[in-house]
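Peer 1: Under numbering that gives the first Met the number 0, the residue at position 32 of the sequence shown is numbered 31, and the numbers go up by one with no gaps.
A portion of the hints provided could be inaccurate.
Distance ranges between label pairs, derived from CB positions [what the hints assert, rightly or not]: (1) Pro55 - Thr126: 29 to 37 Å; (2) Gly80 - Glu106: 20 to 28 Å; (3) Arg91 - Arg137: 32 to 40 Å; (4) Asn36 - Arg121: 13 to 21 Å.
Bear in mind the hints are in silico, worked out from the structure with no lab data behind them. Treat the numbers as computed from the prediction; the structure is a model and nothing was measured. Glycine is no exception: its CB is placed at the ideal position from the N, C-alpha and C atoms.
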Amino acid sequence: MPGRGERPAESLASTWDGDPERLRSQVEYRWGIDLYNCGYYWEAHESWESLWRQAPRGTATHALLQGLIQCAAAALKARTGQHAASRRIAARALAKLESALISAPGEIHAGLDIPTFTTDFRAFMETTPGSGVPPKLRLRGL
């Protein structure tokens with residue numbers, strides 16, 4: 000089951016210089032989106048984590064990556080029936096994504112429509128526990 004195995008080897012994210020304009024072209028970022036969209040939430044979290052560590056703290060990019068990581072964790076907790084933990088993590092995730100919106104001009108950051116995703120993720124979290132499916136992440140402008 001995702002999230003119960005060993006931690007994968009470090010990724011190739013060391014090639015990213017932290018520039019937010021280049022984030023959406025990073026393999027780890029796009030791979031994380033694919034993993035998340037296919038329900039591999041723990042693996043998505045792992046794919047994004049090395050990028051998050053390299054993103055300059057206090058930036059919209061750092062907040063976006065942390066929010067995505069937390070959304071993946073919340074989705075995994077929801078899947079495993081840990082609904083209270085899922086809601087707590089989701090609240091922090093949504094706050095991070097909203098912080099990214101405030102810090103970055105426009106609604107699209109790193110190719111993601113943040114307002115639409117946050118609205119959809121919030122609706123998912125408000126469904127009856129265990130009955131919904133997390134919204135997909137959709138890249139724009141690529």
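Peer 1: Could you tell me whether the CB distance from asparagine 36 to arginine 121 stays inside 13 to 21 Å?
Peer 2: About 18 Å separates the Cβ atoms of asparagine 36 and arginine 121, which means 13 to 21 Å holds.
Peer 1: Could you tell me whether the CB distance from arginine 91 to arginine 137 stays inside 32 to 40 Å?
Peer 2: 23 Å, violated
Peer 1: May I ask you to test the hint 20 to 28 Å on the CB atoms belonging to glycine 80 and glutamate 106?
Peer 2: 34 Å, violated
Peer 1: Looking only at beta-carbon atoms, does the pair proline 55, threonine 126 fall within the given range of 29 to 37 Å?
Peer 2: 35 Å, holds
Going down the numbered hints, you'll see the structure goes against 2 and 3, while the others check out.
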